[in-house]
Amino acid sequence: MFLRICHLYPDLMNIYGDRGNVIALQKRSQWRGIETEVIQATVGRSYDFRQFDIVFFGGAQDKEQKLVCADLQSASQELQTRQGDSLRMAVEDGAVVLGICGGYQLLGEYFRTGEGEVLPGLGIFDAYTVAGNRRMIGDVVVESPFFPGAPQKTLVGFENHSGQTFLRNGLQPIGRAVIGNGNNGQDRFEGAVYKNAFGSYLHGSLLPKNPWFADLLIERALERKYGDKVELASLEDDLEILAHDSASKRAATRPRLAT
Amino acid sequence: MRLLLAVWMGKLYMHLARAFHMGGGTSFPGILARKIEPATLRKLSLRLKQGAVMVTGTNGKTTTNKMLNNILKQVGISPIYNLSGANLPGGVTTAFLDHATLMGRPKSDLALLEIDEAAMPRVAADVVPRVVIVTNFFRDQLDRYGELDHTVALIRSALATLPASSTVLLNADDPLVSSLGKDLAAQVIYFGLEDARQEAGEKFQTADAKFCTNCGAEYSYSAVYYGHLGKYRCPRCGNARPDPQIYASSIEIEGMQRSRIHVVTPQKQFSLTLNLPALYNVYNALAAVGAALSLGIEVEAIRKGIESVSSAFGRMEKISIEGKEVVMALVKNPTGFNEVLHTLLSDKQPKKLMILINDNPADGEDVSWLWDVDFEMLAEPGIVESTVVSGIRAGDMAVRLKYAGADVGRLRIDGDFKSAFRSALAGVNPGETLYVLPTYTAMLDLRKFIHKMGYVKNFWEE
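Heads up: the protein sequence lines correspond to chains Z and A, in order. In case it helps, the working numbering puts the first sequence at residues 18 to 276. In case it helps, the working numbering puts the second sequence at residues 274 to 735.
No wet-lab data here; the hints were simulated from the structure. Predicted model only: the values in this text are computed from it and were never measured.
Simulated pairs of lysine-lysine, BS3-like, Cα-Cα distance not exceeding 30 angstroms:
#1 Z:K44 - A:K483
#2 A:K322 - A:K541
#3 A:K380 - A:K322
#4 A:K483 - Z:K80
#5 A:K284 - A:K380
#6 A:K721 - A:K597
#7 Z:K266 - Z:K44
#8 Z:K44 - A:K624
#9 Z:K266 - A:K721
#10 A:K721 - A:K624
#11 Z:K83 - A:K455
#12 A:K624 - A:K691
#13 A:K591 - A:K621
#14 A:K725 - A:K597
#15 A:K541 - A:K577
#16 A:K621 - Z:K44
#17 A:K504 - Z:K83
#18 A:K691 - A:K721
#19 A:K591 - A:K691
#20 A:K691 - A:K621
#21 A:K591 - A:K725
#22 A:K346 - A:K541
#23 A:K455 - Z:K80
#24 A:K691 - Z:K266
#25 A:K577 - A:K322
#26 A:K483 - Z:K83
#27 A:K504 - Z:K80
#28 A:K577 - A:K380
Build the full structure now, drawing on both the sequences and the hints.
Structure below.
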């Protein structure tokens, strides 16, 4: 078996160590004998994203996010459509997508910045983001229904964002933030899910210490590609679980300043 | 009168803290004094006869300051000097209190201050510096500062307030730093490297400073030294690296031990031996040379002062324990960690390592940055003999090493740093070296522990 992974804008959207997610997808595939190829997609080129099995879209600083936003709105010559439409068609086609922080925001409908500028998103998620006046920074623990068979049912990570994302029309979140803010600090939701596209605010990196999430993405990608129900071979995850549990414990015990 | 009360209370707390081992007391006395008299720092600093030197930027603050301190020693000046990361307003005020008489007069003429980037505007509002050094900007503890662009803007706002009598020393090779040189009333001097042999083969990965600070186009680099430091030019607007007035024209790096550099300044050229490894210390030395020249110090004293520095607090220091050598190097961000690893691996000898990762506020609460460090270089066979991982986030570190391809069988994980250190030390034979790479608070803890074992001085005694 073989997976083609696309790392979207690794040169621009790579702060906060988000590349760990791509490393985790690669390693956890390879350890099971699934070959991988990682393509680094960058500004100014056109891609047919349907050809990828998994697309990863990380976070960035504001300046870089604007450049990426402009690129996604630009025309893709190959497809005679916008770059962003190519990614949306891939999601409709069942491709697995993971967007973190800035990448997550751009998968929604728009991001209204603190200066009132509106950055158009791809509209993959029926969600929108508005800049808030406080930055939400800290550990996050999320309870999620997506991992019924995993040793832990939670996701742990670290958020650092001022954008507040709101889901509309019953769009499903990844879970509920039991510690930390999640999407907006108000409704306790964290992340968004549409078909096989996932968005989340969690850095950490997210996938290495939440290996059940990495495996879910690999599983969904293989099922789309090969048609059958996939049962992934189990891996020795002692270290990952140790990292997950110590992050989770740290989140629960860290003294917090009142904000 | 309020100033005197502030000085007395601050000094009283400082003495109590030391007498009863309540910790170094490196910040709280200043915080207390500022509560009593908010203008404590401003009033004390106005009484300095020779003014203040400030060093800020992501990496190299402490080492650069230590070099300057040793240079000043050569000319008989013992400056007010804030130590060991006590670089927020409270820590700076504490340093002034420590060096003040009971009548509220500074005991020395000059202050040598390491200033946290985010605190620059607040400190510069109190103390108008005679010289400011900006070393470099890398992503560091993002959870504390928000974003790098914001940090640069904070420093810019502080520099904009300086009068024409101040001198600002900027790293020419860092586009974010050199961009600060525009439109300042203060005199601007650039420092940088001019040795083609030090150019890195591969291009940098991180996007700390990819885009022109002027027009937003992507820079093209004709040379990269490390990270985003190099010779850059914007193809669209022509914004380019300024020619440095102070530069190293030749750099010979001799492993972990030392470098020999030839320094060119507008006044004179000279060679010096830097008893510190790695390219980043060459930048620190150039910054120290520039600041010392601005203070009117002679080249010979500068050379001697810099050559006498072996290592700044925790930034690559050696401790002997029962015939075994412990080399400790602080790690706090991806670029610094990569440089330490490159330096460590440069002699190709198999190494025994201990890595300690904490996530306290002074370390950065977000450990995501570990994924931006190229630990993959440790996976090469024969490079690492054993690794002990410890600290509050030992689990995260262990996972990072596993996904970098490290031999998990040779990895020992122990969240308790004391027993981890004992067992790491036990795994080293006499005559061999244990390389310890801690984050900031892990380093403080470990130093305290080694001190209790009787091997290093407490840092406030240095």
